[in-house]
Amino acid sequence: MNIRKTISLVALLGAATQASAQDAALIVSQEDYRYYDDVAGLDQADAFLDRLGEAGFDLHVSESERAENAWDTITAFREDAQEAERVLIMLSGRFATDGDETWLITRYGDEPSDLSIGATAVPLSAILSTASGFPESALVLLAPLGEGTELGQGLTPGIGEIEAPEGVTVLVGPADRLARYVDRVALAEGARMASRLRARYPAVTPYGHLSDLSPFTKPQISKAEQVEQELNLTRTDRRNVQRDLALLGFDPGGIDGIFGRGTRAAITDWQRDTGVQESGYLNLQQIRLLGDMADKRAAILEEEARKRQEALEREDRAYWEQTGKNGDVRGLFAYLKRYPDGLYADQAQAQLDEWERKSETSVSRKERRAWNEAKDANSVQSYQAYLKAFPKGYYAELADKRIAELKQAQARKAALAAEKDVLKSPQIRLFVETRLANLGFDPGATDGTFDAKTRKAIRKFQKSRGLQATGFVDKITLVRLLIGAN
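Counting from 1, one number per residue, gives the positions in the sequence shown under the working numbering.
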């Protein structure tokens with residue numbers, strides 16, 4: 001049921017992490033391999049994620065990524081799941097074992113041996129250790145995929161002997177059967193987990209704790225929740241709701257189409273402010289009202305952005321006329337200091353590069369040697385050492401400029417980490433680049449790789465929208481990029 005206009009590019013967005021989860025799920029799926037044949041995983045992966053989201057699980061998803069990305073997702077899951085009531089973990093892909101340990105091989109595994117596999121795989125022991133912290137309420141699903149996995153010395157394909165921690169259920173079987181079992185049994189009201197597994201899922205092998213008293217039993221739903229369920233909202237419908245909430249200042253915790261605790265809290269806050277009955281669930285009339293309010297807010301924001309951009313460009317041109325237009329070095333530095341991403345920034349930088357290249361005849365051999373040493377080291381300390389020796393040297397302003405740039409680079413590490421939480425997949429990064437290009441902010445090649453040109457485009461977009469111009473995509477930047485996307 002398509003309630004409002006859809007955003008086709010938003011359908012590329014993957015599941016994002018939300019903190020303070022009541023229930024938490026970790027899905028690590030490896031299907032697309034670089035050095036092995038690809039494998040067929042879960043047929044209805046989106047439906048499975050939707051089912052978990054609807055059941056109250058906050059999702060942490062890693063799909064066909066390199067090992068370090070999978071480890072990051074697992075680390076975030078461990079942190080966010082500390083207060084969870086229920087935990088579900090699913091690993092699917094090519095497995096390998098040395099008889100004692102079992103590993104899930106990630107995207108760039110290439111015939112690993114028992115000595116090297118740790119660099120490109122996820123150890124099952126670490127996953128089971130995490131699950132052990134949730135006795136009687138943890139379910140671990142393992143779906144071995146693919147045949148003929150070529151491995152090095154000391155390893156064999158598949159899953160080794162499993163010793164499930166006390167109180168933890170481990171199920172091993174085909175991915176689709178495991179997903180169906182979760183949907184129809186583990187999350188069903190009054191489920192008889194052990195009996196139904198034995199009677200209807202012979203391809204699934206259980207290990208550890210399994211009884212007919214399921215900690216995953218679905219509670220009786222409220223009338224408001226039932227009304228929302230009957231709307232049959234699509235994933236895109238739910239993303240639109242989250243986008244609208246964010247536009248209006250109610251943080252849903254992610255634009256992922258999964259209504260977890262963050263989204264429910266945002267809906268409740270919006271209902272309270274709007275004067276409708278607070279339930280945390282939406283009916284058709286409320287969705288339309290929310291959409292109308294967000295559309296009006298979006299129109300205001302975009303008009304403000306247009307006027308701001310025009311004013312910024314006028315100021316930029318005027319300052320260029322005053323400073324760098326005539327090629328004066330001091331003026332070029334002044335222009336770039338105020339407008340590092342300005343209309344004439346590339347031109348100004350090119351002129352400064354030429355000035356530096358031609359400087360050999362204007363600088364003493366001693367100072368030139370000191371400057372080359374500073375450039376080779378390219379650190380705050382090296383440029384400070386140059387300035388200490390030549391406080392009024394030929395390159396003093398350039399040294400100050402590079403010190404400022406290096407200090408900014410250090411501060412960007414935190415922004416980059418935050419960006420990874422927002423841009424969970426290559427598809428979202430492609431969307432960001434495509435959207436920037438469509439809006440006239442040249443991001444360079446549309447390849448999902450954010451280089452210096454992409455960062456510059458992001459900064460220019462953020463500045464035009466009155467956002468902090470960091471060059472990194474946070475939630476509010478992504479929300480503003482979504483306005484008008486189609």
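To be clear, the hints were calculated from the coordinates, so they are not data collected in a lab. C-beta: ideal position from N, C-alpha, C; glycine also. Possibly wrong hints are sitting among the right ones.
Claimed, not checked - Using 25 Å as the maximum straight-line C-alpha spacing, the simulated SDA-like pairs for lysine to any residue come out as follows:
no.	residue 1	residue 2
1	Lys296	Gln309
2	Lys456	Pro391
3	Lys337	Pro391
4	Lys296	Lys307
5	Lys337	Ala377
6	Lys453	Leu312
7	Lys407	Pro426
8	Lys420	Asp80
9	Lys463	Glu310
10	Lys337	Asp421
11	Lys420	Tyr207
12	Lys453	Arg308
13	Lys407	Gln347
14	Lys401	Lys420
15	Lys307	Thr434
16	Lys407	Ser425
What the hints assert, rightly or not - Computed Cβ-Cβ distance ranges for the label pairs, DEER-style:
no.	residue 1	residue 2	range
17	Glu315	Ala40	55 to 65 Å
18	Arg66	Gly327	41 to 51 Å
19	Ser129	Gly158	45 to 55 Å
20	Gly327	Arg365	44 to 54 Å
21	Ser211	Ser129	19 to 29 Å
22	Glu83	Ile221	18 to 28 Å
23	Leu301	Gly327	30 to 40 Å
24	Arg288	Glu136	39 to 49 Å
25	Ser211	Leu284	18 to 28 Å
26	Val227	Gln153	54 to 64 Å
Each hint tested on the structure:
no. : hint                         : verdict
1   : Lys296 to Gln309             : 20 Å, holds
2   : Lys456 to Pro391             : 31 Å, violated
3   : Lys337 to Pro391             : 19 Å, holds
4   : Lys296 to Lys307             : 17 Å, holds
5   : Lys337 to Ala377             : 23 Å, holds
6   : Lys453 to Leu312             : 20 Å, holds
7   : Lys407 to Pro426             : 28 Å, violated
8   : Lys420 to Asp80              : 16 Å, holds
9   : Lys463 to Glu310             : 12 Å, holds
10  : Lys337 to Asp421             : 31 Å, violated
11  : Lys420 to Tyr207             : 35 Å, violated
12  : Lys453 to Arg308             : 22 Å, holds
13  : Lys407 to Gln347             : 24 Å, holds
14  : Lys401 to Lys420             : 28 Å, violated
15  : Lys307 to Thr434             : 23 Å, holds
16  : Lys407 to Ser425             : 29 Å, violated
17  : Glu315 to Ala40: 55 to 65 Å  : 56 Å, holds
18  : Arg66 to Gly327: 41 to 51 Å  : 47 Å, holds
19  : Ser129 to Gly158: 45 to 55 Å : 21 Å, violated
20  : Gly327 to Arg365: 44 to 54 Å : 27 Å, violated
21  : Ser211 to Ser129: 19 to 29 Å : 22 Å, holds
22  : Glu83 to Ile221: 18 to 28 Å  : 23 Å, holds
23  : Leu301 to Gly327: 30 to 40 Å : 39 Å, holds
24  : Arg288 to Glu136: 39 to 49 Å : 43 Å, holds
25  : Ser211 to Leu284: 18 to 28 Å : 41 Å, violated
26  : Val227 to Gln153: 54 to 64 Å : 60 Å, holds
Going through the hint list in order, the structure does not satisfy hints 2, 7, 10, 11, 14, 16, 19, 20 and 25.
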